[in-house]
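Asker: Throw the hints in and build the complete structure from the sequences for me.
Protein chains in written order, with the working numbering: chain A, 2 to 488; chain B, -8 to 386.
What the hints contain is simulated information worked out from the structure, not anything from laboratory work. The hints are all genuine.
Selected chain A positions facing chain B (in silico; Cβ < 10 Å):
| id | residue |
| --- | --- |
| 1 | 218 |
| 2 | 228 |
| 3 | 233 |
| 4 | 309 |
Using 20 Å as the maximum straight-line C-alpha spacing, the simulated EDC-like pairs for lysine to aspartate or glutamate come out as follows:
| id | chain 1 | residue 1 | chain 2 | residue 2 |
| --- | --- | --- | --- | --- |
| 5 | B | 97 | A | 201 |
| 6 | B | 13 | B | 25 |
| 7 | A | 413 | A | 425 |
| 8 | A | 414 | A | 450 |
| 9 | B | 13 | B | 72 |
| 10 | A | 279 | B | 91 |
| 11 | B | 306 | B | 27 |
| 12 | A | 312 | B | 91 |
| 13 | B | 115 | B | 307 |
Computed from a prediction, not measured in an experiment: that's the story for all the values here. The beta-carbon is built from N, C-alpha and C at its ideal position, and this holds for glycine as well.
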Amino acid sequence: MAITPERKQEPVSPKASKPKSAGFKPIGQTSSALKRFFPADDDDDVIPKVVQPQITHWVPEPSAQLPLRKDNLIISDTLPRGLPPKPLTPLLPPKPPPPLTPIDFLPSNPIRRFRTISPPHVVENVVEKQPTPPPVAFEEEQVTPVGHSEHDIHPPERVELYAIVSQVGEGTFGKVYKARNTITKVHVALKRIRMETERDGFPVTAMREIKLLQSLRHDNVVRLYEMMVSNGSVYMVFEYMDHDLTGVLSQTQFSFEDAHLKSLCHQMLAGLAYLHHKGVIHRDIKGSNILLNNRGELKLADFGLARFYHKRRRVDYTNRVITLWYRPPELLFGATVYGPEVDMWSAGCIMLELYTKKPVFQGNDEIHQLDVIYRIFGTPDPQRWRGVGDLPWFELVKPREAMPNHFRELFKKWMSPAALDLAERLLAYDPEQRATATQAMAAPYFTEEEPEAALPTGLATLEGEWHELETKKERARKRRRTEATTQ
Amino acid sequence: MATDFWASSHYKRWIVDRATLKQARADDVQYVDDPEYLDFLSIYFADLISKLGKKLSLRQRVIATATVFFKRFYLKNRYCETDPFIVIAACCYVAAKAEESPVHIKNVVTEARSLFSQDIYGIKTFPSDNSKLAEMEFYLVDDLECDLTVFHPYRSLLTLCRKEGDHEEEEAEAGEVGVGIGVDEGPRYWGSGDGQLQLKEGALQTAWFIINDTYRSDICLLYPPHVIAVAAIYLTFILDKNARATVTPLLQSSESSSSDLPQPRRSSRQANHADASKKVQDPIDFLAGLNVSFPLVATIAQDIIALYKRWERYKEDEKPSPLGSLSAGMKRSLSHSNAGTPREASVGADAIVTPGFLSSLLLKMREARWTDIAHPGSGRPVAVNKMLERTQAVG
Chain A
2 MAITPERKQE
12 PVSPKASKPK
22 SAGFKPIGQT
32 SSALKRFFPA
42 DDDDDVIPKV
52 VQPQITHWVP
62 EPSAQLPLRK
72 DNLIISDTLP
82 RGLPPKPLTP
92 LLPPKPPPPL
102 TPIDFLPSNP
112 IRRFRTISPP
122 HVVENVVEKQ
132 PTPPPVAFEE
142 EQVTPVGHSE
152 HDIHPPERVE
162 LYAIVSQVGE
172 GTFGKVYKAR
182 NTITKVHVAL
192 KRIRMETERD
202 GFPVTAMREI
212 KLLQSLRHDN
222 VVRLYEMMVS
232 NGSVYMVFEY
242 MDHDLTGVLS
252 QTQFSFEDAH
262 LKSLCHQMLA
272 GLAYLHHKGV
282 IHRDIKGSNI
292 LLNNRGELKL
302 ADFGLARFYH
312 KRRRVDYTNR
322 VITLWYRPPE
332 LLFGATVYGP
342 EVDMWSAGCI
352 MLELYTKKPV
362 FQGNDEIHQL
372 DVIYRIFGTP
382 DPQRWRGVGD
392 LPWFELVKPR
402 EAMPNHFREL
412 FKKWMSPAAL
422 DLAERLLAYD
432 PEQRATATQA
442 MAAPYFTEEE
452 PEAALPTGLA
462 TLEGEWHELE
472 TKKERARKRR
482 RTEATTQ
Chain B
-8 MATDFWASSH
2 YKRWIVDRAT
12 LKQARADDVQ
22 YVDDPEYLDF
32 LSIYFADLIS
42 KLGKKLSLRQ
52 RVIATATVFF
62 KRFYLKNRYC
72 ETDPFIVIAA
82 CCYVAAKAEE
92 SPVHIKNVVT
102 EARSLFSQDI
112 YGIKTFPSDN
122 SKLAEMEFYL
132 VDDLECDLTV
142 FHPYRSLLTL
152 CRKEGDHEEE
162 EAEAGEVGVG
172 IGVDEGPRYW
182 GSGDGQLQLK
192 EGALQTAWFI
202 INDTYRSDIC
212 LLYPPHVIAV
222 AAIYLTFILD
232 KNARATVTPL
242 LQSSESSSSD
252 LPQPRRSSRQ
262 ANHADASKKV
272 QDPIDFLAGL
282 NVSFPLVATI
292 AQDIIALYKR
302 WERYKEDEKP
312 SPLGSLSAGM
322 KRSLSHSNAG
332 TPREASVGAD
342 AIVTPGFLSS
352 LLLKMREARW
362 TDIAHPGSGR
372 PVAVNKMLER
382 TQAVG
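Answerer: Here you go:
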């Protein structure tokens, strides 16, 4: 709504007005970072070859419509599969100018900051033709890779390409690849945002993850270096992590000592404490979303389900979150009003899993999931969990008979008393009694009980990389083998 | 509490200076008679975004984000080479998703089509196909460099001020990203540390509306949102009658008694305040206590006033003024369109500009641009000339 005209006509030189010198002067202090992207002469070779030549072929069109052509639509079934079409080729010599394609035409700016990825085989070809830029700049880059740091300035002559090495996972909205920067040889994880299956364009989950990750910076949260666009796909470029927790717990080469497990647990809680402080609930804590590198560092990943939550106001959220085995009982009872406590239950599950090496509550469906939890922790009742009876689905799925709590006797062969204490606090039925991440980090398990936490640096000696994806494949192979032998 | 403005891409990459803005419009300006038309286009586009947003029931913050997206996109693109209408639709669509209130793509297409084809705009070419919008969305996100978090002055306003009688503002709401007021009270904390300024409801409304209005200019690209909020509060004390009534006596007293010694006078008032702090709050002290650049606040205030002056001349319902005849002139220029710019009469200083006029201006700009590219005066395509210049410059 606009200020009404009579208000606009008010004389606007009040007594309180500021020095007359204040006029339309350009703001001096922070000159625009964007300026870099505008075609100063030295910027010209950023990607002029992509943008400029096509225009020569441009013939005026009476229609006011965008020159979009079906065969170049990005979000169509014609999306490049298998043999990709010629990629946007900033690397190839400018002549002869390729015919105008709408894709090249529309964002008609010579300032694309995104670098182009090409599929591996194309990369190889292209790189040979390309005089390799001096590597010095890149080593620096590698220390503080771009993202939103001061290192954002991409030297114009720089051509960065990633060659995909292998697939390492399947995210909420697309495949995750291990890729190598062909110049620095540094590995990154590329998460491709699947667009072709999305009728609604850019997936909301991806957008959410991008926004969240751009605002997060913590040692125990995976770093999003940058975003890239190539061949009609959007890629998120992450720091590369050698393993995920599910994969690394399933291998037998390297065995974790208690000090290591304590460190992993502590790092996970530190990551969660940071997220919750930032007002973010992760909502999908599970083994395959907890990544490890060979230095023994743990980072939380996959924010496709995460969201900001209201710290003061209680708001309804969907309860269709968190992988079943890690889902807290209140969600299984249909709660839609919840907070960061849901992550803490998952964290408790992970803590147990660290010791037992496999997921503890492996339910087949929601009802069975509750049942599996009851078998260990007993059935909830109003004494243990005030208000459980008020949850939406309680009447539908409430326990038929009371069961006692067997937790400590079942787990004492794996865990120390202080560890059991902490796990019990994380896996409290009543969300209000559940330990927060910060409280958990102050537990005697970390502060008093021996041994002290120690990074599992020995992971560096571990051969291979361990991700859930391989573990799953391995399991499937085994299953097939046993099926074959039993038949 | 969600995010820190100072660490954001908004602050680091998307606050630009005037030279950058000028550069971004350098090509467009060749195709208009009067550079001022480009400022009118800003009003026109922001108005369309706001209307489309309202049809889609988007909240004001989402509309503001869409507007910022639009402006960022056109830092890198030219009006005369793109279809701003599909860009508008895509901005609303992306902003709705980015601000956690998604709308259905079909809905956006339908509403955009019906809005743009209204007589006052006369744009009948909006595609009815979802995939066009989805494709545009992709380009948009690309050019936005996936920086989807935008900070707005609204939150700063609500952090700085509260309605008279209300209690201290509740904690920053998660999801609505940050305020810029240093959460951790680091060195960049810019608040006064004095709590909040109490405003009458009407005054708070006025400040809010002023902020809405800033999106009809480039202010949101030029200045950090919290300084814009301060400028809006400052202008509120001038534009809002009631709010002005509260400061006028203060100004007079300080003027009459202390023309030589303003410093002591002000501080003695502050001292008095300590006794009766609850009762009277001196808005001038409050604003003066903020750790922001006041020349910058004054500059923004000037920009806003300039916007209002311009805006008075932008009339939706006006019968086409003499220059509205451009649509007729356009047909003429279609036949011999080698002239780069429209040849209509230049604008008088107070001539009325209508949306219809701007719609046809856009069309005309685009046609002239295409003509230039295909048949430039030099006999060689413009783009190639540029290429040559570039290659010469490089090598």
